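Number of protein chains: 2
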Amino acid sequence: MKKSIGAKTYLCPTPVLVIGTFNTERKANLMTVAWGGICCTKPPCVAISLRKATYTYENITDRKAFTVNIPSEEYTREIDYIGLVSGRDTDKFEDCNFTAVASDIVDAPYIAEFPMILECKLLHTLEIGLHTQFIGEIMDIKADESVLDEKERIATELLKPISFSPSDRNYFKIGEKIGRAFIIGKEIKQ
Amino acid sequence: MKKSIGAKTYLCPTPVLVIGTFNTERKANLMTVAWGGICCTKPPCVAISLRKATYTYENITDRKAFTVNIPSEEYTREIDYIGLVSGRDTDKFEDCNFTAVASDIVDAPYIAEFPMILECKLLHTLEIGLHTQFIGEIMDIKADESVLDEKERIATELLKPISFSPSDRNYFKIGEKIGRAFIIGKEIKQ
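So the protein lines, in turn, are chains A and B.
In my numbering, each residue's number is its place in the first sequence (first place is 1) plus 17.
In my numbering, each residue's number is its place in the second sequence (first place is 1) plus 17.
Think of the hints as simulated: they come from the structure by calculation, not from any bench.
Repeated chains share a single entry, so a pair holds when one copy, or any two copies, can fit it.
Straight-line Cα separation of at most 30 Å, BS3-like style, residue types lysine-lysine; simulated pairs:
{"#": "1", "residue 1": "44", "residue 2": "138"}
{"#": "2", "residue 1": "69", "residue 2": "138"}
{"#": "3", "residue 1": "25", "residue 2": "190"}
{"#": "4", "residue 1": "59", "residue 2": "81"}
{"#": "5", "residue 1": "168", "residue 2": "19"}
{"#": "6", "residue 1": "190", "residue 2": "168"}
{"#": "7", "residue 1": "206", "residue 2": "177"}
{"#": "8", "residue 1": "203", "residue 2": "44"}
{"#": "9", "residue 1": "59", "residue 2": "168"}
{"#": "10", "residue 1": "19", "residue 2": "194"}
{"#": "11", "residue 1": "19", "residue 2": "190"}
{"#": "12", "residue 1": "81", "residue 2": "20"}
{"#": "13", "residue 1": "194", "residue 2": "177"}
{"#": "14", "residue 1": "44", "residue 2": "206"}
{"#": "15", "residue 1": "138", "residue 2": "59"}
{"#": "16", "residue 1": "59", "residue 2": "69"}
{"#": "17", "residue 1": "190", "residue 2": "177"}
{"#": "18", "residue 1": "81", "residue 2": "19"}
Computed from a predicted model, the values in this text were never measured in an experiment.
Given these sequences and hints, build the entire structure.
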């Protein structure tokens, strides 16, 4: 028997994305978002949603660019901290001992210590309600060699990304492999 | 040293969402998407992206509604199958031995066997490129009692959702809990 939970923003898993932006003086800032995901294959695009009141909103509107920094498990404390404070009040790169690197492709900084970075150019802005959705075209992905497998693909087991659960408000590791996509379903019907 | 991977649609983790829709004759169909995520808190909204060529695109455009069905691990084979075939050629509910239940709130069916369902009313349609993004307002969430904790919240450990990795094309379980969101970051700076 299913129970009605109400109109809530629950989805499992949601990603944990740290958004890197420059302000008008080219000062680097960071923000953690869980409202986001890939939204188009051609052009390759990622959508992120954030409130108008945030410092990052101003920065993206101004610089038309952002990076999406994918943390590994070891940075869970840091990404939580980044979501708790505003870049108007503190330097989050400094607080977390992170190194800001200016992207050579888009007008935004990324976190040197994070294993995987999406460099994005602003393509669309959609005002939905409390949140504004920014759609960025992914211009390049940069990854640490340590998270690449023998075929030079980013391997989840090496990346060790974090997942967030909005219903119970916890962070989780990604667990064991279940199976190969576009393969295991073929067993259902020939 | 970071390596350039190119402009790809990699994000970890991405969710595995099964979209339920009715066609013009109220025949129920299913489609698996990984391009999606929550995109607004007020109103509570979820975004899903799919290609214009799909049967589900027609159905959403026509009925202005869809459900987002969150699978548990045990249905990995089924959700992969649902992504491999078109509802124009086969009845996916029948193939998977799933029961279609008409939502009492929106004009779309959901999978009785899945533990968590979002019932959505179409709010925005955004043509991005190969993919079209549909933004649905979440009108209600329905969940099996078996995935609720003692506070009546959906518990990830009980839900056992699946995560998809677009870079290595594998499905993964959600692993162990790392820590509490909006709490563990406070250790960084007082």
